[in-house]
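Enquirer: Sequence:
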Amino acid sequence: MTYWLQSVLLPLMFSFLLMGAAYWSLGLLPVPRPAGLSALMDRWGGLEVERDSRSSLRDLLLISAAGLFLELLLVRWVSSEIRIFAYFKNMVLVACFFGFGLGCYLSRRRVQLTYMLVPLLALAALLEFPWHALTNFLQSLSEYVGGLADVHVFGRHFGGGPRLYFGALLAFAVITPVAGLVALVMVPVGQMVARHLEIAGDGISAYSANVAASIAGIWMFTGICFLSSPPQVWFGMMGLVLAVLFWRRAAVRNLVVVSFVLICAFVWTGQSVSDYRPERWFGISSAVANLKLGGTKTFWSPYQKLTLTALTDGKEPVRYVLNTNGSWYQDIMNLDPQFVRDHPLYYEELTDIPLSYHRYNLPYRFVPPPESVLILGAGMGNDVAAALRNGAKHVVAVEIDPLIQQLGREYNLEHAYQNRAVVSVVDDARSYVQNTDERFDLIVSSILDSHTTQSSFTNIRTDNYVYTREGIEHMQRLLKPGGLLSLSFNSERPWFASRIRDVMTSINGRPPLMVYLGANFFLVGNGVEDRVAANAELRGFVQAHPLTRFENAAPTTDDWPYFYQRQRGVPMIVALFSALLLGVCWVVLRRAGMETGNFQWHFFYLGAGFMLMEVQIISKIALLFGTTWLVNSVVITALLFLILLANATVARFPAAARTPAYVGLFLTLAICWWVPVEALLLRGALLRAVYAMLLLCSPVYFAGLIFTSSFAKAGFRAEAFGANLFGAVIGGLLEALSFWTGIRSLVVVAAGCYLLALLARGGVAATGKLAATVPSAPAAAPS
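When you line the sequence shown up against our numbering, it's residues 3 to 785, in that order.
FYI, nobody ran anything at the bench for these hints, they're computed from the structure.
Keep in mind that this is a model prediction, so the values were computed, not measured.
Virtual Cβ for every residue (Gly too), placed ideally from N, Cα, C.
Fair warning: there could be bad hints in the mix.
[What the hints assert, rightly or not] Straight-line Cα separation of at most 20 Å, DMTMM-like style, residue types lysine to aspartate or glutamate; simulated pairs: (1) Lys294 / Asp315; (2) Lys317 / Asp344; (3) Lys299 / Glu412; (4) Lys395 / Asp344; (5) Lys317 / Asp354; (6) Lys299 / Asp333; (7) Lys317 / Asp439; (8) Lys482 / Asp439; (9) Lys294 / Asp354.
[To be verified] Computed beta-carbon distance windows for the label pairs: (10) Ala135 / Ile673: 40 to 48 Å; (11) Arg422 / Pro557: 39 to 47 Å; (12) Pro678 / Arg551: 45 to 53 Å; (13) Leu7 / Trp249: 45 to 53 Å.
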């Protein structure tokens, strides 16, 4: 009972009270507010959008850049602090799109900046409050839905029966209002952007300014991520931009400054809470669990929140624990033989096996002393140190996260990265193996588990493409004659072992050599079986550590790379969460007074189609150039530049975006579907970029022609923009279909959405007024 009270009930009550207070203060709960509170919030936070053309353009540029910056900030921050959003980042993105779209529909109402500031303050207080029980509770929300999950991203906190459903209900009860706060933050942004576009004298120029400023917002955020800055810097920059935007309105400016100072203070305070929990660290020995904490440091890499905890024996650090987004990621240990002999209590696992067979040393028992070693997923250097201890003269260490690699240089207990034999490479593992010409005696792929998706626009995790059939084939091509590939992964789910075994068997015509040593090891190479047979000690070890737990699983390919999902199909947890979000969105829209008879279905279908098209483009280009944060930013920027090009075309040739644009769109979508992405894996990044732009990204140009011409025909009305964003919400949720059909099929779904848009374009009146339309396809909104 004490555990439930301290770890669940009290944090739950605090969360509900905090979020309830935010909703109540904004008048969104059926509980009366004091009249003075409403007047005070309107006085300090209310504002009208100015109609002066010069100030309007300046304000449009600032709010557009700030809006995109804020969207990326929310996706990154919320998904780092609540683990369930790290696996499904597009849920935060969907909430942002919905809030922006709702703001468009409310653009003629007085803007209340408190709808941004109050939710931000509530989120900062909730996510960063320095209370260990609350931090652990929020991180455990993903485990509460673990029993309903049919993908391997959640733990198993509750047992079966009623407790399972109670846990899921508890998680949804917290996650839903959090998503609601995220959506509310974007409402004032949508109001201001839509109103500026509507009152602009030249709508196409204003829309182009909006897109160009959005590009600036992307690179503002990309730049501070490159510097590994913490969230207080992100919020500080956001507050500065808003202060400049509202500089002439003293009351609003002062409210912004005070609010963001408080937010930064909350975030700074929250960094003092350690997420190190020895009871969650699987395989830990009792001696290590009783080590003293030598302090925890928090870092923010371009990908995730990192916390590094030092464990000391009272004199010096003997181990470090690295967590990412609140999940255990890696323990950094010293396996130098002399150190192990001096500290035997900290290596309980070595009571049954000699040090030479420890999991980091194990691959080197199956191959002659390697001249050259490639390490994929080098992390903070455990595998790098193992290669050096076992005689490697040349080690290429590939790690996608530059900050993790930098931490390895500073904190690796054997100083592995400082050795001159080591070449450090910051790159995605799949990108490196398919673009290098170097060959190796040994390739070590060491449990590449990213714990996060590579972008908010796609459900591809940064390590997914490593474990496909094509990815493993690329690894094996880099082996020298007689070389060895050692691929390891954890043993938590038996179907992981089946999947890797079956993929390797399909490539080589025979199963790999398999060993279980706390993790599953799969070894492939010419002559490895002969070396085992000829070495009695090694043969005995293999026979004593067999890998025996298997369950069937669908094979992973570059089109269906979902390594953490056992079988094809939309995961239950995604379907339930999507249905819940749609239900909440529908209730909110009805309460906001939206009428389905006046809903602009043409723009809705355009938004859904564009989102699906963008998702599959980003997923495919990630395969060509790597699933890195920089590639993601470059791709989104390129797509926005294509929209700018489409705007310029419509401004110069207004008739260009009619039937010819639809023809070009459907033709280029057909090419995207027909041409396999493997055909674009050409030597030379420039050549690949040119072909990717021509074959994969060209549909964006034609889609831009269609949207901009329709938007102009509608008089750049806010309702059209809002409907387009609501369509993007549906497109973001429909992305989950790729869990069932594969990424390639999203092209077909996107084409279907554009076909519906073509059939519904009669609802856009030539006079610039929006005509009421009835959906001309089965996707009618519920009534």
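Enquirer: Please go over all the hints and tell whether each is borne out by the structure.
Expert: Status of the hints after comparison with the structure:
no. : hint                        : verdict
1   : Lys294 / Asp315             : holds (6 Å)
2   : Lys317 / Asp344             : holds (14 Å)
3   : Lys299 / Glu412             : holds (13 Å)
4   : Lys395 / Asp344             : violated (27 Å)
5   : Lys317 / Asp354             : violated (28 Å)
6   : Lys299 / Asp333             : holds (15 Å)
7   : Lys317 / Asp439             : violated (46 Å)
8   : Lys482 / Asp439             : holds (11 Å)
9   : Lys294 / Asp354             : violated (26 Å)
10  : Ala135 / Ile673: 40 to 48 Å : violated (55 Å)
11  : Arg422 / Pro557: 39 to 47 Å : holds (41 Å)
12  : Pro678 / Arg551: 45 to 53 Å : violated (35 Å)
13  : Leu7 / Trp249: 45 to 53 Å   : holds (49 Å)
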